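A.B. asks: Next come the chains, spelled out residue by residue.
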Amino acid sequence: MKYLQRISIHDKVTFAKVVFAYYILLLLFRWHSSAFLTNIFAQPLQSPGADNAFWLSHIIGFPQYIIQQYWASLLLDISLVVFAIACFFMATKKPVVCIVFIIIYITHRITLESYACSHTKSMAAIFMAFLPFCCSKERNFYLTFEFSRFFLLYIMVASAFFKMYNGMALQPNLFATTLINQHIDVAINQPTNISYQIASILIKYPIIAGISYTALVIVQAFFIIGFFTKKIDIILFILLLCFTISTYLLMRIYNFDIIILGLFLLFSAYNKKHEH
Amino acid sequence: MSYSKWYIIRLFQQNKILFSFVCIFIFFQFYFNKKQIHSFPWFVWDMYSRIETKPDTITQTAFYVDGKQLDITSIPIWEESTLLHTFNMYYSIQSNNYKDPIETSVKKRTKYLPLNMQNYIAHQIQNSEAAVRDYPRWLIRYVEKITHKNIKQVEVRKMYYQYQNGKIKDLQRSELLLKINK
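Here the protein sequences line up with chains A and B, keeping their order. Just so we're on the same page, this note's numbering is the position in the first sequence counted from 1, plus 7. Just so we're on the same page, this note's numbering is the position in the second sequence counted from 1, plus 10.
Worth flagging that the hints you see were computed from the coordinates, not collected in a lab. The structure presented is a predicted model; accordingly, all values stated were derived computationally and were not measured. Beta carbons are placed, not taken as given, at the ideal position from N, Cα and C, and that holds for glycine. Careful, some of the hints might be misleading.
As the list claims (entries may be wrong) - The list that follows gives simulated cross-link-like pairs (lysine to aspartate or glutamate, DMTMM-like), each with its CA atoms no further than 25 Å apart: (1) LYS128(A) / ASP144(B); (2) LYS78(B) / ASP192(A); (3) LYS211(A) / ASP66(B); (4) LYS26(B) / GLU145(A); (5) LYS189(B) / ASP192(A); (6) LYS15(B) / GLU145(A); (7) LYS100(A) / GLU145(A); (8) LYS15(B) / ASP18(A); (9) LYS155(B) / ASP192(A); (10) LYS177(B) / ASP192(A).
Stated by the list, open to error - Rough simulated footprint, nothing fancy, chain B against chain A, three-plus residues with beta-carbon under 8 Å: (11) 41-53; (12) 95-108; (13) 115-126; (14) 172-180; (15) 189-198.
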């Protein structure tokens, strides 16, 4: 805890650097995972789902054009990286750079997700993390910053709420079934995989699976305290890290994108002087 | 408790435009939660909240490259997800007589628009038969890219398993979903 308190996220400029450095790390991971447009260039099937933003984009026609033109896919991939780096250096000085970056980011993600036939929710979390840097006035920056912080709290609390509302939290022992369905590929191809090793213990003992699931719901619900005080933001940040790592290890779910909003918890803890 | 310290009150006092945006955002968040529709940036954060029942048989979509099963857990998560999700999309349309299942939603959402607008939106949103027929060629190129090999044949099979006494039992039953020869 004392080590964390020495992290020097004391000002807007440092904070911008931390946020965009983390995003550049996420891009590196995406590059390693071939999650760029040029990797799925010319994929013919689109899947806008029921998403209105995706529908609007497809009605305008830009995702179809971008995925069919290699130069357009490449240009958008390069622009995303270049503007992320530009934001690292000048997001707080030139908010317009961040606005252009957000437009590129949304265009990129809508095209990518439409043609990868997936719909990842982390897209919204990353978008929210960039919003404060579009404000030129200090006061607006902090107001938007607080909104983004609340958005993270909402994500966690809503996840806990839906687990209760949809019934899974009331029958947590059935989490073992979720794990069986989740790990079928690993169980067949790589039974020695660490995720499956951990999961197989929980599958064998549904009571332990139930306790783990209930603990997960409690951790998510705990974020509700963040709506009333910023005093435990560091604890919430640590819980978010634990949540992300444990879901990756246990269920192979990639939640690292949401950590970018977790940085807002760190920053808010050290910027009490800006509370109005 | 001092209400003036509440975020929403401070926001109203300091920036009315931002206050309006936040109110609109909150309204649509509730709206899409109620409708259970994911619409960027309003997602329903309900992952792993529904009760899953244990099926009698478990199925797996397996990719065979030149006769050998591709270990999709050995490739990055995003490539694995792209392979599975794009194939599922292909198979859902192909097995529906080349009609995109999204057609029903398109008709429902555009029913009050003029006919030419309806046709235009359907053309932009739905997958055409030509696009579906083009997919196998793209799939073989994509598998070549992720395996770094020249490939002659890709087969996609639905494999059947059963979970018994803590182990996955192969039922020695599979169904050929797609066969592509280069």
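A.B. asks: Starting from LYS211(A), check that the Cα of ASP66(B) is at most 25 Å away, please.
C.D. replies: Since the Cα atoms of LYS211(A) and ASP66(B) sit roughly 17 Å apart, the hinted pair holds (cutoff 25 Å).
A.B. asks: Cut-off 8 Å, C-beta pairs, minimum 3 residues; does the coverage of the region 95-108 of chain A by chain B stand?
C.D. replies: Result for this restraint: violated, n = 0.
A.B. asks: Are LYS189(B) and ASP192(A) close enough, with their CA atoms no more than 25 Å apart?
C.D. replies: holds (21 Å)
A.B. asks: Taking only the CA atoms, is the gap from LYS78(B) to ASP192(A) under or equal to 25 Å?
C.D. replies: holds (15 Å)
A.B. asks: LYS128(A) and ASP144(B): Cα distance at most 25 Å?
C.D. replies: Violated, at about 29 Å.
A.B. asks: Quick one, are LYS155(B) and ASP192(A) close enough, alpha carbons at most 25 Å?
C.D. replies: Distance ~21 Å between LYS155(B) and ASP192(A) Cα, so the pair holds.
A.B. asks: So if I understand the rule, the pair passes when the alpha-carbon distance is 25 Å or less; does LYS15(B) with ASP18(A) pass?
C.D. replies: Holds. LYS15(B) to ASP18(A) sits at ~22 Å (cutoff 25 Å).
A.B. asks: Straight-line Cα separation of LYS15(B) and GLU145(A) no greater than 25 Å?
C.D. replies: holds (18 Å)
A.B. asks: Quick one: see if chain B covers the region 115-126 of chain A, three-plus residues with Cβ-Cβ under 8 Å.
C.D. replies: holds (count 6)
A.B. asks: For the region 172-180 of chain A, does the count of residues with a C-beta closer than 8 Å to a C-beta of chain B reach 3?
C.D. replies: holds (count 6)
A.B. asks: Sort out whether GLU145(A) lies within 25 Å of LYS26(B), counting only the CA atoms.
C.D. replies: Between LYS26(B) and GLU145(A) the Cα gap is close to 16 Å, so the pair holds against 25 Å.
A.B. asks: Run the distance test for LYS177(B) versus ASP192(A): straight-line Cα separation, threshold 25 Å.
C.D. replies: Holds, at about 13 Å.
Checked against the numbered hints above, the structure violates hints 1 and 12; every other hint is satisfied.
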